[in-house]
Structure formats: structure tokens, C-alpha cells
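Chains as they are written, first to last, in this note's numbering: chain A, 137 to 347; chain B, 446 to 1215; chain C, 0 to 382.
No lab work stands behind these hints: they were computed from the structure.
Even glycine gets a Cβ: it sits at the ideal position worked out from N, Cα and C.
Among the hints, erroneous ones may be present.
One side of the interface only, derived from the structure: several residues of chain C facing chain A at Cβ under 7 Å [as the list claims (entries may be wrong)]: (1) T63; (2) R103; (3) L307.
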Amino acid sequence: MPVPETFEFFIDAGRCIGCQSCIQACAECDTHKGQSMIQLDYVDRARSTQTLPVVCMHCDSPTCAEVCPADAIKRTEDGVVQTARKPRCIACNNCVLACPFGVPKMNTRMNLMMKCDMCHDRTSVGLKPMCASVCPSQALAFGTREEMAKLRPRSKPVNTFQFGAQTIRTKVNVMVPADAQREFVDVTAAMHEPTIGHEVLDDVFGAEVRA
Amino acid sequence: MSDAHHSSAGEPAAATRAPGLELDMIREFGPFRAYASDVRIDSGVTPDKRVKTHCCFCGQQCGLELKVKDNTIIGIEPWYDFPFNRGMLCPKGVKRYLQQAHPDRLLHAYEKDASRASGFRKLGYEDAVRRVAEAIARIQREHGRDAFAVLSGASLTTEKAYLMGKFAHLCLGTANIDYNGRLCMVSAGAGNKKAFGVDRAANPWSDILGAEVVLVAGANVAECAPITTNYIWQAREHGAKIIVVDPRITPLARTCDLFLPVKPGRDTALFSGILQLMIENDWIDRAFIEAHTVGFDAVAAQVREWTPERTANVTGVAEKTIRQAAEWWGAAKTSFLLHARGIEHHSHGVQNVLSTINIVLASGRIGRPNCGYATITGQANGQGGREHGQKCDQLPGGRDLANPEHRAYVAEIWGMNADELPQPGVDAYEIMRKAERGEIRGLLSICFNPVVSLPDNNFVRAALEKLDFFVAIDFFMSETARYADVVLPGSLQEEDEGTVTQVEGRIVRIQKAVECPGEAREDWRIIQDIAKALGRERGFTFQNPGQIFDELRVASKGGVCDYSGVTYARIEQNFGVFWPCPSETPPGVPETSPQGTLRLFEPGSWNPVAKGTGPFYFPDGRARFNPTPYVGPAEDVDENYPIILTTGRVVSQFLSGNQTRRIGPLVDHYPEPRVEIHPQLALRLGISDGDWTLVESRRGNCTLRASVVKTIRPDTIFIPYHWGGRKSANQLTISAQDPISKIPEFKVCAVRVVKAPGQPEYAALLQPQQ
Amino acid sequence: MNRDVRRSATRGLVASSTLGALIVAGSRNLDHFDAALVAYTFSILFATFGLTYRYSMWLSRPPTALYWRRGWQAFFRRGLLIRHAGQLLSRIGLDVLGNRFIVRRGQLRGLTHLLIMWGCIIAVAITFPLVFGWLHFSPVPGDLTRYEAVVFGFRAFRFPHDSTLAFFLFHGLVWASFLVIAGVMLAMRRRMREGGAAALQRFAEDFMPLVLLFAVSVTGLMLTASYTWMKGYGFTFISILHAVTVIGTFLWLPFGKFFHVFQRPAQLGVGFYKDVGRLEEKAHCRRCGHAFTSRMHVLDLIEVERKLGYRYEIAAGEVEHYQWICPPCRRASFVMAQGLLWRGHRGGSSLPCAEALLPMPTFANRGLGEGPLDSEDAENFHP
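Here chain A stands alone, though its shape is the one from the complex (with noise of 0.2 Å):
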């Protein structure tokens, strides 16, 4: 059954904890259990505790079943960018290296690679994706756009994403401020940005600490 169009995925990095609560709950997810398809990963912890939760983005063209050589990505006709098919997966990393997001993740033992798939088992029946229904920041969030609108006032989904000359459009959207001037997101251009977060002044120390 394909993933109701009404129930969309929205993503505030900006709420995230790192709690890891996706991670823990990605693995009870009945198409891939026991293992965790999300990516979370600190930016910078030595400067601050920024995190980086990145699930599949479900790009309109996917990069990754294109540079497939197997044929092995399928997008399904809700838009949902499927793991890679078992029987034809030959492992050769080219979806890992290509995907503009950094989202699949490479089983070699296995010859698989294996990525989020919207939690398909659950989506297509109506139910959260495990990570948006535990995540406790609501970093990661499902739910139809009203809601968004209305918990979110001062933030709009965005899902239009700029890499180098590139434009990749996604079933998943990012908050953005609502009165961002552009309508897209561009990935490129924030490359060297350092991370994010408070400092504990210097001066607000006595001389005897410092280095």
C-alpha cells in the first residue's frame, strides 16, 4: 500500500537533542529489524553538542538509484525511495558515495546496501515512521502540513535543496524560518560552516584557569 500523500515528513535539525532515540527506535522497525538506517552524528563535538539526524530525503529523481548498476533502487509510486532490492544489490558502494545527503549505508558482508525507507511497513499503513513518532525533540516530525502550520507558525517547509549546480527536489521537507527569502535550501554553499552553538566566554573566568 503506498504511504497516504497527506502525512508528509518534516525535519528541524535545529530541535535535535542526539538523544539517539531514532537510532534505538530505527531498529525496531519491522523492514530492516535489528539494525538502524538512521545517520546522527555529532558536527563538531569537541566545540559543541550539535547533532545531525539525516534520514532518506526520498529525492523526486534519486541520485542513488540512477548511479545503481544493478538496478537495485526502485521509487515507489508514493514517492518513497526504496532500500535496495535484494536480489539485485551487488554492493558496490555507489549509492553510499552518491547520495547528495550522505543517507545509505553499505553491508558488505551481506552484499546490501540497506537505507530508511519511511518505516514503508508502517507509513503504508497509516502509522509514524518509528524515529518521527519517538523522537523526542521532534527534530524529526510526521504529520500532515495543517499540523505543521499550526504548531510551527514562525516556520515553513522547504524541500527544494541546491548542491554545486544541482537542484534536487524531496518527498521530505526541512523547517526553515517562514520568512526565509529563498525557497531553497543551498547545501553548497554552508560546506565550510563551522558549528553552531553558545561558548563559554573567557572572561567570565578567573585568569588562573586559562591556558
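Got chain A sorted already, so can you dock chains B and C onto it with the hints?
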């Protein structure tokens, strides 16, 4: 069911008896890590049933569903309808199911047997209960009733907490019962009682959503109460400003609007400074202060000395940041103040709490929608567990053991003479001191792991070793149970039913999902079995938790924590009931809503203390301003110990880790404690990220790997406390206690830090969780 | 594309013509060809055309074409050929014949696949030569107790008709059917039971092949039962039924899931490509500086992406092409881009890093318990 690593390759073959490592006991009883396997990993298994219940860990008590197959919990499913968390769960909640059907689970009673390497031999349940009863009888006969003490816990259901208080006071007749909320909730409780006359979160969490300013003091919400994060972010989505007070830049603090990196132990100074600015700029609600409070003038006079400059000097927070905080807080129309152990775990924890309450009262923003104040309860039943008589000075319904009227009321329900009720006893740490001095000779502990969780735990170990008889009721062989003469196999949360009261004051239902395995019993049965074996069965013949709850309702009736109108059915129908929820209200007072009392202190509200004179729980109905003179930490830094140590939690572990250190995926998340050090300090000490680092205090030392991060004050280091033995942060902490609440000062002590010469002995012998 | 179609169609025709010629030759001008089996033959000829056509079309896709070429280049790499030949044999043995990687996905899954695969191999090995007239058995003149096997028109060997060999030879299809039926049952059980499978499977893609294999096996067994125990009861009807199922399977072969049988060996080439990549110069991420895959792989992907019409080139700066960014840094760039839009709305500021390159993001789960799937995942992306 689960995949234990009893013979994993990483385990050293020649691990014999390294001193202090208890290797043989660990080999026998764990902690080992369980992972999902077999039926739990098979996506083709259809559960027999799905049980709507709550998480067994923190005080938020998130609703969830347990999937059960053949008496095994095979997984969880979000419970989307439960209003507090709407399906949200932290990693502990997601993986909690792995604690059940665990290979480490105690299936029998054990008694100490020095001739065995593991230290224990199995014992039949009946024999074990008889041994316990004999020991209790002998110790009480020879040394007096108070020579036998009870330590209980705030993760027990309210029914069990009630029963433990009754057991100590009626069956044992000992004054010495206390609980591990002593390490958790007591400063907030005492502060709340002094200021409001009642100890409960003043507001439901939904009031956070509409607040203009949310001030979070000493609460690592993202890791210790993760679900609360969504409430705070939700407020931000509607324009709220978030202010965080913390020595560490926690995940919540990372993008907060104003961050106050307070020096540990200086919170009173900070909030006094803020109050002074509020008064100076007239950012206070004079009408509210006039009408509903007493004691403002004294407090105003006392904070006058806290100029922004002095406050900045003492707290280490920049003056302009303090001014900004005061302005935002002062000028807000609605607000919510949350605090937790960060300001409470101090030798002046009650003062810290009162200093936050003072800025709430001065603002007048309480008792109204979106105007709130709360402490974030830590333990599963941190709220319900501190209301019904397992605290050393307390009787059910939040009544006082020292109050003759209260004594008479409860004694009548218990069918005893009020004179026979013991007088208030001593707190948990004092019980240890008395044990060490030989005044307490026997101890029963349940749901408490003091060898890991109490400060200066080298002393705690020594005290336990001095006891004539120590019985522990536990489902796993905790670090503390290793010292027991008899260990009785108790029940996991999912093996019993009852109620708990969560962070908002909402009473929720814990449902039984599976049966106790082997010879394990529900905790309340064990207690009743002991009472029976003692021949003091009267009052301990309950057939199920529902009967205990019914007695509790009567016992709490008319008290501050009135549960008399609460029934299991009412809880289930309304997704929980907020106390106070009296079964009947005086004439003219509207009946309590089906959900109970969501918000305290609403204008015109009735309570049994004020009896209509005002919304607060004092005879005059007014809240109290309390002066909060600043006192520094009990042990400040000096030349020998120049660095502040503060301790706390990580999101993947819970309290002493007796449960979570056995859940494989949670151990993997953050396997071993690390010392967080600011790069400036690390550079000066020559320590790099990942180095073994020796931390020493006047009480002990501990060698752990360093985590060099800029998310902490450079004068402070942080160690999470969930591990036992040589990895325990509480080898270092100080047992100084708050004079009122008796909470220990976990959050500040003085240490020195050096790069360790090499890896510690345990590193090669123990798995991360051990 | 038209060129590809023409070329693929030609290849298909050549392949099926070649097979046709071999049939004529192997059956000695159709002397030994059983006319009753002509429908089978034509279905196989069609399947040959279809499979060749699809394989050729598949190879013309840019990524496939490139890795086909690269796989062979890697295999024939000077100095490594001998080692590669050895590896090829062991990988064919372990992965292709032994289904090692499927066993690792799940033991029961491995068993299922082994049963189906070996059942089909045995069946094909027996029936194709018989159908094509490449193999037949004739009584040995003057010796009623023995048969003679004739292969491609040449006398091969003789054996007694009551020997064990004879029993196995003449009942080979029965054994094959048992294997296939057991495998199909296991596969069906999994597909009907497991929630994960249920969510993703499609009838045509996943059930159809199982249904066909089951039908072929069962009707085949019915034939045996009919002439062994039931005096040929309903034999004609059953044989027509069997023919329909077999012919249907062959006609379906190029379209459905069975095509993976021909596609799958490409993983052998991938193995060599990766082996060679490991010996070669590494690609270094132009955000964090860490080595992540082989330079060759990045360059190849850049070429493939260009051919596919992607424009991941970056005009400004030294990165040149987004493919030079490692997966963790891609995740970081993506999230930082969203975070930057919130600057001024939320607290915190950019915390500059003194070093020239930014640190590589680190996987948040220290014990990696729910993290990277295995060593390659961990090595490449989460050192």
C-alpha cells in the same frame, strides 16, 4: 531470549580476584549486555497482546505499549494517544523491553556463602523469607526496634511505597526508614513546602507551551527528561525565549536564547541577583505580592547586596547576561520556570530552590494558564514515592510523622495506637552513618543501590560491611546486593501493577504485562511474606495492589496529597488523574474535574490547609517568600584540589545503571563514563581527548578517559555517575548534606586532575558496563 | 536510445539463432529432437532473445556500462590476474554456489535460496539437453539390461537400467522438484509471516515467480505420479498443464525477478573493482580532509553523474565537484545549511574552527551498536 556474553572473547581468562573488582560475582551475576535476538528480532512474530503502560525509568512516565509474546516482552510500540508524550520516547524507553527475560535476572533467593567464588548460594524462597524474619526479630530483640532500618526507593509504585512506609512503621516499628528520593527530590520538596505548603509541580506541562519565557535552571532536560524538550521547543515555535542556567552547554542550551554558564554551587547568588534587578526595575507584580504572599520585604532587603557586579563575580556569569535574564524574566507576561537536580543537589539545595521560587512569586506568574513553576522529577515515581510515608518524617497523604493529628488519623486506619507509631527517623545517608557506628545493625533495602548512588561510596561500602544482617530485594544482583546476606528476587515494573505519579502530578496506571519468572515475587508479596514470617501479619494481608491503593486513598484523604477520589478506572478513563483529587469537596466548592486538579494555586481554589482563605497551602492561603542567604559549596576549590567536579547523567543510562547497564544497545550508546574537560584546562594539564585521566578528591580517586570538549566551564569537570566500582563518580563526591532536605552535594566538590600514568587495572578486566 | 535498442535486439537475435543452430547440430539435424517438445524449445528461444536483449539494454546504462568495463579492467589488472583468478573461483564457490552472503542475511533465508537455486540448476541441467535433443538414452542393442547415453550425437556411456545411477538420472527431476517445493514453501512462509516483507513485496515481482516455480514442480511431480502409480491416468492433461507452466515460466524469465540470476554475477566484478580501489590512491574529502574511498571511484562517479545529466559541479572554490565530499560531511553540509537559515532566529553563533579543514562528523553512538552496518560502513565513514 537475550544474548548474554557470559563467555565472550573480550573477557579475560585469568581474571581471578583483583581487589575491589568483584570479578567472580560479576561473572556469575553480570551486568552483562542483552541484545534483541530470536523472537525479539523476528519480524514475523505476532504479539499475544499489547499492554498500555508506562516507561519504567524517569519521572515523566511516558506512555507506551509493551508487545508480549509467551511471557516475554518482545518490543515496544508508541502509545500515540497518551497526552503527555504522544508516542515520543527516549532511547531508554525504546529499549527498556530488553531488561525483561534477561539472562542476569535473579530467579531465586540467594544467601551469602563465602566458600563460593561467586559469594552466594541459592536458597529456597520460603527459607530465605524465614531467615530474614529471624534476623529481623533477633536484631530488634537484642538492639531495639530502631536497630533495624529500611531503605526504599522512588521507582516503586505508589502502592509499594505506601506499603514500605507501613511495613517500617507498623510491622517493624522502626523509626529508621528512608528512600532514595533523598538523593533526588527532597530539596525541591522541602523548598516547595516552605514556599507553597505543598510539594508538586504547580502546573501541567501544557502550560509550558504558551509561556513567553522558559527558564531552565540546573536541568539537562535533553538528557534527563528528553520529552520535556518538545514542550520547550514548542514554546519557542510560538516565540518564547529560552533561558538556560547550567555549567555545561547542554544540548538544550546549545541554541537557547540566553545561556548563563553558572559556576557550580552559586545558584542562590544568581537568582538573588536577578531578583534584585527585578525589584530595582520594578519588574515585579506588587498587587500579587500584596494579596497572595508574605515575607517579601525581608527577601527584598536580603537581596539588596546582590548587585549585578557582585553577582557576576560570584557566579561567573557576565553582568550583561544577568541583566538580560532579569529583563526578559521580569518583563514577561507569561513564563515557566523549570529546575532539577542541578540546583538541588547541594548542601544548600533548599536555598537554591527557594531563590528560584522567589523570582516566580515576585513575578506573580503562578496559578494561571501558561504561568508556571515546576521541578522536574527524576525517578519513575519520584512524585508518588515522596508522598505516602516512605520518607523518614512522613505519613501517607503527605502527612507529617511529627504532627499528633496526622499520627492519630493514620494510626486509626492502620488499627494501631498512635503512641506506638515511631517518631521521625533519620535520612538515608544518616542510616549509613548509624550503620557504620553500629547503632543500626540490620537493614532491608529495596529499589536502592547506594553503593553506586550515594556520595563518598567507599564509606557506604564500609558501613554495609559492618551490618549484622543485610537483606536486599532486587531483580538483578546490584552492586549493593553483592553485600547482602540474603537477596530476595523481586519484581520488575512490568511484572506488577499499580500506579505512579509522574512529573506533572498526574497519577498513571502501571499494568502488568508478564508474570514474575522463577521464584521471583511481586515486591509487595515479599514484604507481606516477611511480615507473616515475623508473626506480625496484621495489616499485611492485601491480595492485590488494588486493595493497597484503596487503603492508601483512605489514608491520604484530607491530607495535602489527597488521592481519595482517584480510582484505577478513573485513571484509565482520563489518561491519568492529577492530585489533589478528593472524593468529596466541602459545600460550595466545585467538584474536582474528572482529570483531577491540573493546575495548583488557581485564584479562588480551595485546599485543605487554607480552607478557602487563599490558593496556597498555608492557613492564611498565602505563599511564603523565604530569605535565601548565600552559602557557598561545602567544599570549595583550593590549592590542593583546584578544580570543581560536578556529576550528572547521560541520556542512555538511568540512575545507578542496575537496569540500563544490562541493556546492550544502551551500553553501546555511551559505554563508559568519561571526564568532560574544557580544552583550556586539558591543555594546562597535558590531557588530550581519550587519555586516561586520574581524578582525585579527598575521599577517593577514579581513572577514566577524558572527553575534551568546549561545552563545559573551564574551571569545572563533569563525570556521569551511572557506573559502579572503580568507575563510580561517587568515589569522589562529598557526603555534605543540605541541613533541611538532607540531600547530598553531588553537584560540587573539589578535585585535582592529572593525566594517568597508564590504563587502570579494571580496563583489561571488565566490560564497559561492569 | 534507439541505437541501444537496435543493438540489443540484434544481440538477442544472434543469441537465439546461435542456440537454434546448436539445437539443430546437437540433435543431428533434429533426428533426436522430440517434436512433442517443440513448444518448450520455442519458449526457451524466446527467453534467450529476451534475456540477451534485456542484459544488453542493462549494460548500456551509464553506470552499468562503466562498472562492467571497470570490473573487467580490474580483473585483468597486470600483476593481479593470478590472484584474481583464484579469488574468482573462491567467490564463485562461496557466494554464487554457496550463497554465503544470503546466509549472512539470515540462515533460513540462505537455506531457502539454496533449495530453490539448486533445484532449478538440477532441473535445467537435466531438461535442457533432453529438450534440445542434445542428450538421449537408447537401449543398448542386444543388451536389455543397459542403456546408452547419447550426448550431442556421440555415444557417451552405458549403464544398467536398474543401477543407482539410472534411478537418480531418471528421477532427477523429482529430486529437483522436492528441493524447489521446499524452498518455495519457506519463501512463501517468510513472505506471509514477516511484517517487513509484507510491507515491501509486490505480487508480480515477488509472488509470481514463486507461484510459477511451484506450479512447474507440482505438475512435474504429478506426471511422475501418473505414470508410476496411476497407470497414466490423466497423463495427457497433466503434461499439457505442465507444459503451460514451464512455457509460462520461460516467457516470464526476461521480465520478472528471475532476471537477477543473470544480473547477479556482476557482484564478482564489483569485488575486483573494490579490491583494486583499496590498493590505489585514496580520495580525500575536500571538507574534512579524510580519506574515504578510492580516487578512481570518485572520478568514475563524476563521469557517470555527468552522463546521467546531474550537475554536481561547484563553480566557486576548491571543491570543484560535490562528489569530492565524503558522506558524513555531506550530512553536515546539509544540516548546517538548514541551521544557517535560522541564524538570528535562534540562540548560538557559529563557532569557528582554527584549523584549515573542518573536523569530520563522528557517529553519535560510541559503541556503534546501532550504527554502521559492518566494517566497510565503519571504515569508510565513521573512523
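> Is the interface hint for T63(C) satisfied, with its Cβ closer than 7 Å to some Cβ of chain A?
Replying inline: holds, 4 Å
>> Would the hint on L307(C) be counted as holding, given a Cβ-Cβ threshold of 7 Å to chain A?
In response: L307(C) check passes; min Cβ-Cβ to chain A is 5 Å, inside 7 Å.
>> Please check whether R103(C) passes as an interface residue: C-beta within 7 Å of a C-beta belonging to chain A.
In response: Nearest chain A Cβ about 5 Å off; hint holds.
In the structure shown, no violation is registered for any of the earlier numbered hints.
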